Amino acid sequence: MSWITTLDHKRIGVLYIVTALVFFVAGGILALLMRSQLATPNESLITKNAYNELFTIHGTTMIFLFIVPFWAGLANFLVPLMIGARDMAFPRLNAASYWFFLFGGLVLFLSFFAAGGAAKAGWYSYPPLSEEFYSPGTGQDLWILALHLVGISSLLGAINFICTIANMRARGMSWMRIPLFVWTILIYSVLLVATLPVLAVGLTLLLLDRQVGTHFFLPDEGGNAVLYQHFFWFFGHPEVYVIILPGMGVISEVIPVFSRKPIFGYKAIAFSTVAIGFYSMLVWAHHMFSVGLPTFLNIFFMLSSMVIAVPTGIKIFNWLATTWRGNLIFDTAMLWALGFIAVFTIGGLSGVFLAAFPVDWQVTDTYYVVAHMHYVMFGGSVFAAFAALYYWWPKIFGKVLNERLGKLHFWLVFAGFNLTFFPQHLLGLMGMPRRIFTYDRHGLFEAYNLVSTIGSGIMAIGILLFFWNVVQTTRTGRRAANDPWLGDTLEWYTTSPPPPHNFDKLPYISSARPLRDLRRRLAEARV
Amino acid sequence: MPPPVRRKTLVLFLMLGAALAFASAAYADNGGFAPVPPASPNASGIRDAYLWISIFTAGVFIVVEASLIWFIFKYRRRGRDRTHEGPQVHGATRLELIWTAIPVLILAAIAAFVFYKLPGIQDVPKAQAQGGPLNIRIDAHQFYWQFSYPDGQVSINELHAPANRVVKVDIHSDDVAHSWWVPALGGKFDAIPGQTNDTWFQAERLGTYRGQCGEFCGVFHAAMHAKVIAESQRDYEAFLRSAEDPQVLGRQEWVGVCAECHGLDGTGGYGPNIQSNATLVSPESLRTLLENGLNRTAPLSSYMPPVGRGWTNAQLVALMAYVKDHVYKAGSSGG
Chain A
1 MSWITTLDHK RIGVLYIVTA LVFFVAGGIL ALLMRSQLAT PNESLITKNA
51 YNELFTIHGT TMIFLFIVPF WAGLANFLVP LMIGARDMAF PRLNAASYWF
101 FLFGGLVLFL SFFAAGGAAK AGWYSYPPLS EEFYSPGTGQ DLWILALHLV
151 GISSLLGAIN FICTIANMRA RGMSWMRIPL FVWTILIYSV LLVATLPVLA
201 VGLTLLLLDR QVGTHFFLPD EGGNAVLYQH FFWFFGHPEV YVIILPGMGV
251 ISEVIPVFSR KPIFGYKAIA FSTVAIGFYS MLVWAHHMFS VGLPTFLNIF
301 FMLSSMVIAV PTGIKIFNWL ATTWRGNLIF DTAMLWALGF IAVFTIGGLS
351 GVFLAAFPVD WQVTDTYYVV AHMHYVMFGG SVFAAFAALY YWWPKIFGKV
401 LNERLGKLHF WLVFAGFNLT FFPQHLLGLM GMPRRIFTYD RHGLFEAYNL
451 VSTIGSGIMA IGILLFFWNV VQTTRTGRRA ANDPWLGDTL EWYTTSPPPP
501 HNFDKLPYIS SARPLRDLRR RLAEARV
Chain B
528 MPPPVRRKTL VLFLMLGAAL AFASAAYADN GGFAPVPPAS PNASGIRDAY
578 LWISIFTAGV FIVVEASLIW FIFKYRRRGR DRTHEGPQVH GATRLELIWT
628 AIPVLILAAI AAFVFYKLPG IQDVPKAQAQ GGPLNIRIDA HQFYWQFSYP
678 DGQVSINELH APANRVVKVD IHSDDVAHSW WVPALGGKFD AIPGQTNDTW
728 FQAERLGTYR GQCGEFCGVF HAAMHAKVIA ESQRDYEAFL RSAEDPQVLG
778 RQEWVGVCAE CHGLDGTGGY GPNIQSNATL VSPESLRTLL ENGLNRTAPL
828 SSYMPPVGRG WTNAQLVALM AYVKDHVYKA GSSGG
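Protein chains in written order, with the numbering used here: chain A, 1 to 527; chain B, 528 to 862.
Heads up, simulated SDA-like pairs for lysine to any residue below, C-alpha to C-alpha not over 25 angstroms straight-line:
{"#": "1", "chain 1": "A", "residue 1": "K399", "chain 2": "A", "residue 2": "N482"}
{"#": "2", "chain 1": "A", "residue 1": "K267", "chain 2": "B", "residue 2": "T620"}
{"#": "3", "chain 1": "A", "residue 1": "K48", "chain 2": "B", "residue 2": "Y797"}
{"#": "4", "chain 1": "B", "residue 1": "K653", "chain 2": "B", "residue 2": "I756"}
{"#": "5", "chain 1": "A", "residue 1": "K48", "chain 2": "B", "residue 2": "Y830"}
{"#": "6", "chain 1": "B", "residue 1": "K695", "chain 2": "B", "residue 2": "D678"}
{"#": "7", "chain 1": "A", "residue 1": "K505", "chain 2": "A", "residue 2": "P484"}
{"#": "8", "chain 1": "A", "residue 1": "K407", "chain 2": "B", "residue 2": "W597"}
{"#": "9", "chain 1": "A", "residue 1": "K267", "chain 2": "B", "residue 2": "L624"}
{"#": "10", "chain 1": "A", "residue 1": "K48", "chain 2": "B", "residue 2": "P799"}
{"#": "11", "chain 1": "A", "residue 1": "K267", "chain 2": "B", "residue 2": "I625"}
{"#": "12", "chain 1": "B", "residue 1": "K601", "chain 2": "A", "residue 2": "W324"}
{"#": "13", "chain 1": "A", "residue 1": "K267", "chain 2": "A", "residue 2": "R177"}
{"#": "14", "chain 1": "B", "residue 1": "K856", "chain 2": "B", "residue 2": "R814"}
{"#": "15", "chain 1": "B", "residue 1": "K601", "chain 2": "A", "residue 2": "R325"}
Label-pair distances were calculated between CB atoms; the ranges are:
{"#": "16", "chain 1": "B", "residue 1": "L632", "chain 2": "A", "residue 2": "A523", "range": "43 to 53 angstroms"}
{"#": "17", "chain 1": "B", "residue 1": "R609", "chain 2": "A", "residue 2": "N42", "range": "51 to 61 angstroms"}
{"#": "18", "chain 1": "A", "residue 1": "F300", "chain 2": "B", "residue 2": "L632", "range": "14 to 24 angstroms"}
{"#": "19", "chain 1": "B", "residue 1": "D697", "chain 2": "A", "residue 2": "I299", "range": "17 to 27 angstroms"}
{"#": "20", "chain 1": "B", "residue 1": "E771", "chain 2": "A", "residue 2": "L208", "range": "40 to 50 angstroms"}
{"#": "21", "chain 1": "B", "residue 1": "R609", "chain 2": "A", "residue 2": "W468", "range": "22 to 32 angstroms"}
Treat the hints as calculated values from the structure; they're not laboratory data.
The structure presented is a predicted model; accordingly, all values stated were derived computationally and were not measured.
All C-beta atoms, glycine included, are put in the ideal place defined by N, C-alpha and C.
Same shape as in the complex, but just chain A (with noise of 0.2 angstroms):
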């Protein structure tokens, strides 16, 4: 009951974490469901109506119901705690957001049974297709009136987060010592302010179409169906970078502490951060590319879209040198962060590819952009979320995973998903598009969408064992002392897990690693 009734914002940072991994599991089923229909050809396993419900359930529960509130979650525990405050700045608030969060998913999941079955449009669900002719039923406005509700707890989160950094940072603890995770939630939360409500106005639209009959949308009556893909991706593509831009923080904290050096180039990659966050707000139409946009539009987004390519570089050149020389300790934590360097690297290149507009007019909405989305979105922030659990589930829940299951996760892992992804690439190149439930006998197209399925079953067994880990660990796991990786920033200052009130004093701050200052003055004050 106490649950329920929470304002502390390590509980709600908790239930938030509970709750995206559930909606993990679930989009996860989904999408396994969608490979094994695709395993081989003219499979009849879930075709049509259904096999669609899957890959729009399926992407938007990853991206609205598991990513962006897992960061929420995550920054909800560890942010007040990060820069010394004992909670956040508005904690009703935050604990409203979370509850918007939950409702909102259980409104998406729960239209499976709405008559005529879950909405089938697409992630994007782009008009006519969204429109009441063309998609009858219910499912189509319960997905709306769901994103409606995710939007608003990430609306109320995102509030929350930049009060919360901008005013309740502890005495000492200036801008440029801040975490870089923190600086991360900053930038998340500040994309989400500004892109929100462009979403809402453009789902809006769309329900006042289908309900009350307006046609914002429909060429037939003088509407536009174009508008509604600048509204989605205006939105859209900052989103991607609300989904990265938290795991490129938590990589940033994990790589120096198990590297056993400070993180190189700090500033650097606290100003690359602010870049990407302001680039991704003029990108959008690089989604568009075959829309038939005026050339001078295309030219535009191709350049801003390649521009982006050098902060995100600067960030993967830091994390290198920041491990040059080091004392690598290969603890699961930070296999996790390695992994995330060697595949986002693949995802950020052939990000590039796709930037190139008449290349994008050959790969775009075919297998090569669904790989290429899963390398930054798995290999990029899901890599970072595994690589975080493993680093702070002894400060949450106050024992350490096991190391041993971790690593065979981390492997199994990292292999099935290189399996269940690289080969997408070629099928795309190939000629197979995005979204099709079945496709013809044809030798490579069938041995890679195997090898894909394969690949997909062997990620199914590496998340399982994270849980059987969580089992296990919670029954029987050691005991955490309040900072067993060693840690540089705040948060290890405190018992694990923190007591409410946070801290009952907090250490002088005077550089972004106040926990190494400490241990080095005790060593000193020993001598």
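Given chain A, work out where chain B should sit, using these hints.
Coordinates of chain B only, in the frame set by chain A:
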């Protein structure tokens, strides 16, 4: 930490898997490592741009992954204490500048090459010996492609064109968004209701080129295939003559448009059995149905797309004649 032997086995296993994947890829004509072999100048331009970008991305890939693996190997713990720290280096401005500038230069080289190739990809080549490009209109529908030729002939799902002739296509949609895409003949261009996009191709070899709708368009998106048949001028002219036969047109319309959902003999499939439905032989109601579609909420939410929107009278007449002769069975139950 697991013993080293097991890690070696794992690495071996992974490398074997990767080698197998690449070998099987190399075995095919291009293995999917580049867009399909082009058969039209615009598709060649795209492939050139793709290969050019590959050079740089491969370089960056190798530099990043090799240094990652090298650092992992070289700076591993090797029994050192967890408290042992590496040198406390906080950054280096010169290095930051270098790895900001190099990507900028690479991107500039990529952009320059793309702009150099762009006119050859995007612009329809100027008039030729045969009297300028051949103009063909594409109408994308749920769930078929309709091609209209300059003299009014129509074909469904199969576009015929003379080889080596520049063909300019104007792409329309009459319902939802689709995307015209035949990989060997160039990139995708969306068919969006309310606007016209155009692109072109020039099939360099005789043959059949396959394509498929590239923008998710609903339940039969996966079945929305298109074929481009590049043939000799003589065969093309013969095709145009045959396309004027209403029997041929009517059959194409039934098979390509109606049978997708209602089955070849009209006894139903995804859509209902319409074999003895009186609408089939009532010109006015059939015309209304094909132009407006049908939206139903009971007993199940379902709809029929307006498959005949934009059809000429000749097209409707051809379909009705075909249906009357070959599909409709009066009096039997169903419908």
